[in-house]
Structures are given as structure tokens and as C-alpha cells.
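J.: Sequence:
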Amino acid sequence: MPIETFGGMPAKLLKKAIAARWINDMTGVGRAAKAWPDM
1 MPIETFGGMP AKLLKKAIAA RWINDMTGVG RAAKAWPDM
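Note that the numbering used here has the sequence shown beginning at 1, numbered continuously upward.
There could be a bad hint or two in this list.
[Stated by the list, open to error] Distance condition first, Cα-Cα at most 20 Å in a straight line; then the derived SDA-like pairs of lysine to any residue:
1. Lys34 - Ala17
2. Lys34 - Asn24
3. Lys15 - Gly28
4. Lys15 - Thr27
5. Lys15 - Trp36
6. Lys12 - Lys34
7. Lys34 - Ile18
[Said to hold, decoys possible] Label pairs and their calculated CB-CB ranges:
8. Ala35 - Gly7: 18 to 24 Å
9. Gly30 - Gly7: 27 to 33 Å
10. Gly30 - Phe6: 25 to 31 Å
11. Lys34 - Leu14: 17 to 23 Å
Think of the hints as simulated: they come from the structure by calculation, not from any bench.
Where is the CB? At the ideal position from N, CA and C, for every residue including glycine.
Based on the sequences and whatever the hints tell you, model everything.
T.: Shown next as C-alpha cells:
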């Protein structure tokens, strides 16, 4: 079974985690947590 590097579930979770960390650095934990479902 091939692994989808850029569009698979692991990649999507990694992208969300990176974005949430950036939001956390810029604004705080609460806003990062609220933004998670929208990513």
C-alpha cells in the first residue's frame, strides 16, 4: 500500500500541528485550539 506523502492523513495532521504551533506562538494556546477544526 503506497503512502501518500503530501495528501495523506499523517501529512494533514503534521500540517495542522505546524499551523497550530505557529498560531500558538503568535496569539496563544486558546486561539490555536479554536482554530484546529478550521484547518
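J.: Hint by hint, say whether it matches the structure.
T.: Hint by hint, here is what the structure shows:
no., hint, verdict
1, Lys34 - Ala17, "holds (13 Å)"
2, Lys34 - Asn24, "holds (11 Å)"
3, Lys15 - Gly28, "holds (18 Å)"
4, Lys15 - Thr27, "holds (18 Å)"
5, Lys15 - Trp36, "holds (11 Å)"
6, Lys12 - Lys34, "holds (17 Å)"
7, Lys34 - Ile18, "holds (15 Å)"
8, Ala35 - Gly7: 18 to 24 Å, "holds (21 Å)"
9, Gly30 - Gly7: 27 to 33 Å, "holds (30 Å)"
10, Gly30 - Phe6: 25 to 31 Å, "holds (30 Å)"
11, Lys34 - Leu14: 17 to 23 Å, "holds (20 Å)"
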